[in-house]
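Numbering (the working numbering), first residue to last: 3 to 266.
Take these hints with a grain of salt, some might be off.
As the list claims (entries may be wrong) - Under the rule of at most 16 Å between Cα atoms (straight-line distance), these lysine to aspartate or glutamate pairs were calculated in the EDC-like manner:
id, residue 1, residue 2
1, K69, E95
2, K99, D177
3, K259, D210
4, K69, E88
5, K229, D210
6, K257, D221
7, K126, E95
8, K69, D37
9, K195, D38
10, K195, E88
11, K262, D224
12, K257, E205
13, K195, E56
14, K259, D224
15, K259, D216
16, K69, E48
17, K257, D224
18, K262, E205
19, K262, D221
The hints are simulated quantities; they were obtained by calculation from the structure and are not laboratory data.
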Amino acid sequence: MYRIYCLVTLFLLATSVVRAFDATQILVVYRAGSDDLNRNGIGDSEEIARYYAERRGVPASNLLSVKVSFGDNGMDNPRLSWPWAEFRKDLVEPVCKRLNSLGRDRMRVILLCPGIPARVMNPKDKEESADLAIGCPFLINNLGTNFRRSYEVWTNRYGMPRFDEFRVNRQGPDDETPYLVSRIDGINVTVCKSQIDGAIYAETYAVDGFAYLDTRYGDYSDDDLRKWIKNPYYNSYADIDKSMALASLFYADAKLKIRKQVDY
């Protein structure tokens with residue numbers, strides 16, 4: 003369930019329900035010295051980062067350039083895995099430093115641009131998602147060479163007992179502070195820019211048609227869900243199902259017709 007971090011992509015299509023943060027709370031990370039495949043005088047990774055920042059209103063201080071000390075300089079090669087030491091030095095440490103300077107408790111999102119490797123080889127010689135690991139950067143940074151998956155710091159067997167604190171507060175040990183992580187990726191600059199533009203278009207004009215929602219353990223009213231989202235809790239699988247039912251709020255705000263199926 004920790005992979006729910008990857009659902010930050012929903013932010014790109016966000017409605018008023020999830021606007022719990024603004025552009026100043028997004029850290030955009032790009033690869034220094036990436037190839038300039040479209041030959042316009044700026045590395046592709048930086049060009050995409052700056053385009054996103056311009057379109058979304060992200061301040062320049064929230065753009066972070068990192069140098070990747072292994073692999074090629076082009077768009078990320080899916081066959082490469084980041085060595086653990088280099089991953090910590092190249093990405094984790096700079097991210098932590100910038101988050102501290104911007105105010106780590108108020109920041110919410112880490113957005114990775116093309117050229118930032120997607121896989122890391124942990125000290126146990128197993129591949130991990132770099133996006134997943136950077137979701138708790140201070141935990142990874144403080145552990146040093148000792149590896150511990152970030153989701154293992156949460157003992158609740160339902161997976162994400164502190165995910166509610168992402169919205170409500172930032173309680174818990176500082177090194178366990180979670181951040182939403184997303185990645186812009188595509189075969190070239192044009193495709194990546196079109197993803198950004200397409201998300202903004204979808205926010206502005208939405209879509210028409212039916213939205214289908216299949217949940218368990220209750221047909222919750224929108225009023226009930228809106229009250230619950232202000233102080234959510236995850237003490238059972240039924241609570242997780244209730245959080246899934248929150249999708250109806252996205253649909254409602256997008257003015258979609260909703261078809262529900264509730265299983266008991």
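Checked hints:
no.	hint	verdict
1	K69 / E95	holds, 12 Å
2	K99 / D177	holds, 13 Å
3	K259 / D210	holds, 8 Å
4	K69 / E88	holds, 10 Å
5	K229 / D210	violated, 27 Å
6	K257 / D221	violated, 19 Å
7	K126 / E95	violated, 20 Å
8	K69 / D37	holds, 13 Å
9	K195 / D38	holds, 15 Å
10	K195 / E88	violated, 29 Å
11	K262 / D224	holds, 13 Å
12	K257 / E205	holds, 12 Å
13	K195 / E56	holds, 11 Å
14	K259 / D224	holds, 14 Å
15	K259 / D216	holds, 14 Å
16	K69 / E48	holds, 12 Å
17	K257 / D224	holds, 13 Å
18	K262 / E205	violated, 23 Å
19	K262 / D221	holds, 8 Å
Hints 5, 6, 7, 10, 18, counting from the list given before, are not met by this structure.
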